[in-house]
Every structure is written in structure tokens, then in C-alpha cells.
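Chains A and B, in that order, are what the protein sequence lines are.
Going by my numbering, the first sequence opens with residue 46, and the numbers climb by one from there.
Going by my numbering, the second sequence opens with residue -6, and the numbers climb by one from there.
Just so you know, these hints were derived from the structure itself, not from any lab.
Do not rely on the hints blindly, as some may be mistaken.
[As the list claims (entries may be wrong)] Computed, partial: chain B to chain A, Cβ under 7 Å:
#: 1; residue: ASP11
#: 2; residue: ALA140
#: 3; residue: GLU141
#: 4; residue: TRP142
#: 5; residue: ASP143
#: 6; residue: SER145
#: 7; residue: ILE147
#: 8; residue: ARG148
[As the list claims (entries may be wrong)] Simulated DEER-style distance windows between Cβ atoms:
#: 9; chain 1: A; residue 1: GLY587; chain 2: B; residue 2: GLY165; range: 44 to 50 Å
#: 10; chain 1: B; residue 1: GLY5; chain 2: A; residue 2: ASP580; range: 36 to 42 Å
#: 11; chain 1: A; residue 1: VAL272; chain 2: B; residue 2: GLY165; range: 46 to 52 Å
#: 12; chain 1: B; residue 1: THR120; chain 2: A; residue 2: ALA464; range: 30 to 36 Å
#: 13; chain 1: A; residue 1: GLN252; chain 2: B; residue 2: ASP149; range: 46 to 52 Å
#: 14; chain 1: A; residue 1: GLN252; chain 2: B; residue 2: ARG118; range: 56 to 62 Å
[Stated by the list, open to error] Chain B is nowhere near these chain A residues, computed Cβ spacing over 12 Å in every case:
#: 15; residue: ALA65
#: 16; residue: ARG96
#: 17; residue: LEU118
#: 18; residue: VAL151
#: 19; residue: PRO257
#: 20; residue: ARG293
#: 21; residue: THR454
#: 22; residue: GLY729
Even glycine gets a Cβ: it sits at the ideal position worked out from N, Cα and C.
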Amino acid sequence: MTDPADHVPSAAGPWPPAGAVPVRTDDLYALLDARGYQYGSAFRGLRAAWRRGEEVFADIALDGATGGAASYLLHPALFDGALHGALLPSEDRRDALLLPFIWRGVRMRNSGARDVRLHLAPNGDDAVSLTLTDTGGREVASVRSLAFRPVTAEQLDREGLGGTLLRVTWNPVRVPSDDDAPVEARWAFLGTDHLGVTGALKAAGRQIGSYPSLRDLDAGLRAGDTVPDIVVVSCTDESAEARAATQRALVLVQEWLDDDRLGGARLVFVTRGAAAARTGEDVPDLAGAAVWGLVRAAQSEHPGRFHLVDVDDVESFGGALVSGVEAGEPQLAVRDGGLSRPRLVRCPPGTSARRPDTGGTVLVTGGLGALGALVARHLVRRHGVRRLMLLGRRGPATPGAAELAAELTELGADVRVVACDAADRAALERVLASVPDRHPLTTVVHAAGAVDDGTVAELTPRKVERVLRPKINAALNLHELTRCDLILFSSVSGLIGSAGQAAYAAANTFLDALAHRRRAVGLPGVSLAWGLWADGMGAQLGTADLARMRRNGLAPISAAQGLALLDAAVSRTEPALAPVRLDDAALRDGAGFLPDLLRDLAAPAPAGTPAGRPAGAEALRERLAGLPAAERDAAVLEFVRAEVAAVLGHRASDTVDPGLEFREIGLDSLTNLELNRRLATATGLRLPATLSFDYPSPAELAGHLARRLA
Amino acid sequence: MAETMDRTADPGLRYPTDEDLLAQVLRPYRAKNCEYLKSAVVGVDSGPDGQPGVGAACTFRIPESCYIDDTGHFNSVEFNICYNQMFYYLIAKSVRERVLEPFARWTMDDFWARQLGDILITDFRSTFRRPMGARLFHGEIEVADVAEWDGSDIRDALVVIRTKCRYWDDRGGDSHGEVTVAILNPPQSGP
């Protein structure tokens, strides 16, 4: 690091030098903080500064409490403080973050200084020379050339903190031609045909039965109709609100799971305009978008039973729909007769840096919740937001609200805590009308939300409503009542279809679609489909939930990662993004079980091959076949215990008592479902949903499986 | 069930047996010896999620079975008949006292028009822990969840009520169950 051959002239002489003009430094660290340089008190060493042309002079001192200067050649806080001279506001390249990049000619002369004087002078493009002297004019250290590089918040966040920004892309799908199809499936249509699906299917050469309602389907089956292989319902109805559309989809899903006669039938939900399958595409069918979220969760819970297809208004969609569904693709879009499927991919590096306009008011719904409070602090500390309105249903009565307001006020913000349910349009209108004209609304962060988890079979309209209302009613109100930047906090659960969160998934895909809508009508906004925040809802999760998330290839996002991702996301131009933290090992290990949208992040599948099932079943059978008969039962039991442990997030299967009932071991309806799914995949057996009720302990279940596998 | 029905901590609202209503509810039963339900105190407490917890504490008497010679114990058919009577009464009382949505929006005529044809058990589970004499015993019913499903092109409107119930006597007899009931053709909800 030191190079005695280099020489930098000393800054000895009068102090401050003649012609140097004082620079204001009392708010330097607050300004730096807002730009992303967060220095603790020991590192806030720059006390005074002067400028003479492009040169900078400054006094740097160690904080009184920071001892130990004698044990360093140059105390790190003192050295770091010297670099702050390069960050004085007018030296700044607009509001970019600058980081030291290349050091040349660093020399240490005298150790043990507590107070130093800095002389900084330009030395070529984006580089400076530095000389530090003590108060007697003796040189302490010098740097011949230090080059800075601007770094975007996004680069910091992506590279430094481990979060990842994803976005949905729709990849072309090629399916086998009709001639290769083994047996032509029997198709039927159920319900009202708003989209002309029956005509399109007939044009594609499928004979199609039609049942106006579930009652008619039931009557048909009782009268001896052959059970169809594939049943199609149309889910885009311009008059239907999201609430009605999701409830109708839920009825269908539950009916499909309840009716044993339909156990081999697949149900296809067809929408139009519910997905942005092309860049810049509008998503006019917000209700249909909510159906996508709900059905994705149903797909995760019950693979192979449900399909989603978004079609365009080109009449020829029938052929593509038929071939895509018959090939087993769970999620598809048809555009101009071509098929594509959604996948999450990493965003390319961003370009422009966008910062909130600090002169206006920022409103945060759910602003008194864990996530809202984190965001509020971040807006004030990092972005210098000075006027905040924090909305919560209980307002100032929310536990912690007063402390949060005091903290933000201390940081220099003017904070209003307001009791308002943003889903109540009139109440929201009153709050918006109270925003002062001098400081108009510049940004709204919609972070309010609620979860009410349960398997799709257990969901009721009330549970769905409890989740939809705070998310989508409020989002719609905010969309309709504001023209400023609208940042919608959505969840990746809508994209990956988190098992046990069908209602939540529906609410979030609605938000994502609304962001597309808002952009299509020329208003600013973005939907952020967050992975789970460790400090948000993640704080309430149990081991099994976390294990399930990990199997989905995701890890909890820390507050720092989340806030960095937030900055990175809002500086981009996409209408919808998914800020997440990927678990690379889980992505690699769990490739066969990953949600469809994450599959290409693990190991890119060959382009255009339909999603397949993992081939573990053969391996299990072979392994069992290779064992002496006497050891097979024990091996199956060990296999079952390992699967139970995996579902519960336990490291070892010996925590699973084979004689206890699953309920006593800790399985609930969701983990039961997951166990069932894993066992079905691993054994290749078709297993009834009631499996763990019929064989309620690992030992009994293993006995049953051993008999069926024999 | 016993724990959840313990009202000692939060007495809530209590509606004593409404004799006229009880008689009306039991009117469809063909013979006097099928009228097992003798008293029913409907209770309303604050339930989870802000929804009222609604249930009924009942007494029954079966001097002689209405369909079989004396078996000496309370059997599953009687379990079911007793359940129906508790359920009918609980819903009728909920309509009358306007204590539970959506029944608070119903009229009594809405109820009487649907009592037989439109109220169907869709799932019935009963467990008999210890045999119970059928002469005089207690019963409880508790509403676990009410789901109001809107009508659409694919299915008509439907109300689905999940309940828990329990019967016991003073000599240690005990049985319990979980029953789901669907109400078809519910009256149109408000605006």
C-alpha cells in the first residue's frame, strides 16, 4: 500500500490557505445520508471545509469517544473522513453515488494523528489527489491519485446485498403437432361463453360438449355422459368485478376437487386481457388477473388439475389453446395464434436513477405496519422526504404509531398519522383533499394488506374478501383518485401461486395488472411483487412455512435488502417487477418442484419444451426392488418419515415419530396437501386427497404405500 | 367443543328458550314422539375476526325412539334428528333476533319457506366416545363458519354453514360431531 518512491507536495502554509472560501458542512452528513452514504457518529469526522476553485481543504477530527489513534498508522475513521471532502455537495456529479475505485501512490508518513488537514485537488477525469497533514503542517499521508466511479443504487443492491429484481417474460412454447398427440382428448365447455371459446374449439376440430352450469354437468354425468378430459370455462366478463370473478373461480376449483367423478378431468380457465403477454400490453381484465392468482395457487396445491390460458381477440386462438392444454402446459397466453408461457427472469441492469421529489407529500398506506414503517424511515433517511402521511385503519391508536411519528419527526420530517381505511373511497378522498397545495402528493406507496391463509379447498367468500378488500379496493381507489407515482406493494405469491395463499395470490395479481393498466393509461406507477420480508409477514412464519418458501427457491428478504431493492425497482421503467431474494442452492436442488415461473432461473430448460414431471418415481421403485423383501417396509417408512420431515422443515427424519398421528406431528391441512403431493410425485402413484386421513400415521401410511409399490 | 362453549369468561348475550318458536320449528315432525328438543338457550359471544360466535345450549328427551324399539343407547339416527332440531331452532332464532349474518337479513317467512326443502346436510361426521342413555341429555351446537356464496352462471347462490355439536348426559355419556349444512335458494341479499 505504501510507496516511498511517490511524492506528493505538502500542504504546509497558512490554514485555511489564502483564497479558500468556506463551505457549509453542518448538514453534510444529513445530505450524504439521504444520498445513500450512511456514516455512524465515529465516522462523521469532517468538521470544516473550504473550496478554492476545484481544490478542497478540510479539517478532519476523530470523534472524542473514538480512541486508539496511536495504535493505527492512520485511524480508519480519520482516513474515511478525508474522503468525504470529495463528496461535498457541489463537487457531486448530480446525485450519483461515488465509490473509491482505483488508488495509486498511497504513502503514510507520520502515525498517531487525531486531527488532520485535507488538501484535495483534481488529478485527471474523476480522480483526485489527497494530502493529509497534521495541525503542525507535517505530512501524515498522501494519495497521488484516487479515482471514483459512480455507482447506481441498483448496482449496490444487486451486487452488494443479495436481493434480485425479477420480471415476468413470456417465452414462446412449441408443442408437438396434432399428429403426435396420443389420443384426442374429450373437451367440454362449462358456463356462459363470453369469449367465443366453443366456436374457437370447434374451428380447431374439437367436438365439444356444453354445460351451462355445474348443475347441468352433474345431470349430464348422471345421465351417462362420458366424463370429459378437459373442461373449459370462460372467466372474462366485462361486467364482473374481481370479487365476483374470484368467487366464481373458487367455486369451480372447489367443485373440481370435491367431485370424485371429475378426478381425471382438467379444468381450463380462459381469460382475455388478463395478462400482459407482450411488452407494454394493457391488462383491461383486472378481475381475470385476480383469477390467475387464485388458480395459480390452486395449481400449486393440486398440480395437473387446472390450466390458465389468456387469449387475444384473434379468432384463431382455438388451435393454439387446444395444443397447449393437451400438451399439459399449465399457464399460457395465445397471441396471434402463437403460444407463450410466463417465466420470471433477472432484470437487465437499469439505467436512469429516479428519486422521489422531496418537495411534495408522500403517502403510505399500511404505513404503520412493519413494512410501511420500514419504508417510511427509508424515505426520510435515505431520500430526504420531508412530508409523510402514514395511513392505517387505526391511525394514531396503532401500537407504535406515536413512537414512529416521533422518530421520523426527529429525522426532520413533517409526519401525519391518519386513521383511514384506504379501501373506503369516501374516507380516502377526504384524506387526499387534506394534502396541502404547497406540497402536493408526489408518491403513494400502497403497502397495506392482510393475509388469511388456508388451502383453496378451505377458502370461503369471507376469507377471500378479508384479503381482497385492503389490497384491491384500496389500490383501485388510489389509482382512480391520484395521478402521482403509485407504488403498489404486491407479492410474488401471486406469480408463483403460493400454496395456501390463493386469496392473497389473487389480490396480488390484481395489483400487478392494475400497474399495467395505470401505465397503459399514461399514469406513473409500478407494482412490486415482493418475496417475503423477514420483518414483515415473515416474522410470523413457522418452520414449515419457511421450509416451503425455500423449496420454492426463495429466501426471506432482510430490511436492508428490501429497501435496496425498493430503490432499485422504482428507478426502472417496467410496470411490474418482482424484488426477491433467491436461494440458489434451493433453486438447484429443487428444480423438479419449483413453481413454474421460477423454473428457468434454476437450469434453463430447452426452449419450448412443455413442463414435465420429475422422474423420481422410477428411481424409488428401483431402489425398493433392489432391497431384500424384509427391508423394503423399513425403507418405505424411512422414505415417508423423510418426506414428512421435509414438509415440516425438520432437518432430520428421526424427529418424526412413526406411530404418532400426522396431526400430532404437526401437519395441518396445507402441509398434509404438500405431503400428499410429494409422495405422489416420488412414487408415481395417484393418491387421494384423503390419504393422510385414511392412513393417519407415518407407519400406517408407509404400510399402505409399500403394498401399492410392491 | 366443551371449551369453546364455556361461556363463563364472557357471558355475552343469552336468549332463553322461545317456546312458541320451538313449537313452530318442530311442527313438521310427524309425531309427538319425534320432538326431542325440549329447551334451547341461544348464546351470542364475540367470536374470532369480529364475527359473532353463535351457538345453542339444549336439552333433549327421548322417552321412546320414534323409529325403533328401545336400543338402550343414543344412536346415530337420533344424533342426526337431534342435530336437525337444534339447527332449525338456532337458525330460526338467529332470524328472529337478527344475530347472525346472513340470517339477520332474513324474514321469518324466508325461513319457514326454506326450512324443509332448501336446508340440506352436505357433510356429517359423528363420533360416539362413551354410550349415552337417551332419556334425558344435553346438547350443544356451535356455528364455526357461515359462507355466503353468490350466484353466478355456473351455480346458484348458496349459504354453507359449518357447525360443531356435542351431546352428553350426567352419567359420562359423550358423543360429538361436525356437520356442514347448505341452504339453497337464500333470499336475495340487500342492495
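Check on THR454 (chain A) being off the interface with chain B, judged by Cβ distance over 12 Å: holds (33 Å)
With d taken as the least Cβ-Cβ distance between VAL151 (chain A) and chain B, does d exceed 12 Å? holds (64 Å)
Looking at ARG293 (chain A) again, its CB stays over 12 Å from all of chain B? Violated: least Cβ distance 5 Å, not greater than 12 Å.
Assertion that ALA65 (chain A) lies farther than 12 Å from chain B (Cβ): Holds, since 68 Å exceeds 12 Å.
Would you say the C-beta atoms of VAL272 (chain A) and GLY165 (chain B) sit inside 46 to 52 Å of each other? holds (49 Å)
Any CB of chain A closer than 7 Å to the CB of ASP143 (chain B)? Holds: closest Cβ of chain A sits about 6 Å from ASP143 (chain B), inside 7 Å.
Would the stated hint for SER145 (chain B) survive a check requiring a Cβ distance to chain A of less than 7 Å? SER145 (chain B) check passes; min Cβ-Cβ to chain A is 5 Å, inside 7 Å.
Satisfaction of the ASP11 (chain B) interface hint, Cβ to chain A closer than 7 Å: Since chain A brings no Cβ nearer than about 28 Å to ASP11 (chain B), farther than 7 Å, the hint is violated.
GLY587 (chain A) and GLY165 (chain B), beta-carbon distance inside 44 to 50 Å? Cβ of GLY587 (chain A) to Cβ of GLY165 (chain B): about 38 Å, so the range 44 to 50 Å is violated.
For LEU118 (chain A), which was marked as not at the interface, is the minimum beta-carbon distance to chain B over 12 Å? holds (64 Å)
Take the shortest C-beta to C-beta distance between ALA140 (chain B) and chain A; is it under 7 Å? holds (4 Å)
For GLY729 (chain A), is the shortest beta carbon distance to chain B beyond 12 Å? About 31 Å separates GLY729 (chain A) from the closest Cβ of chain B, which puts it past 12 Å; holds.
Hint compliance for this structure: hints 1, 9, 12, 13, 14, 19 and 20 are broken, all remaining hints hold.
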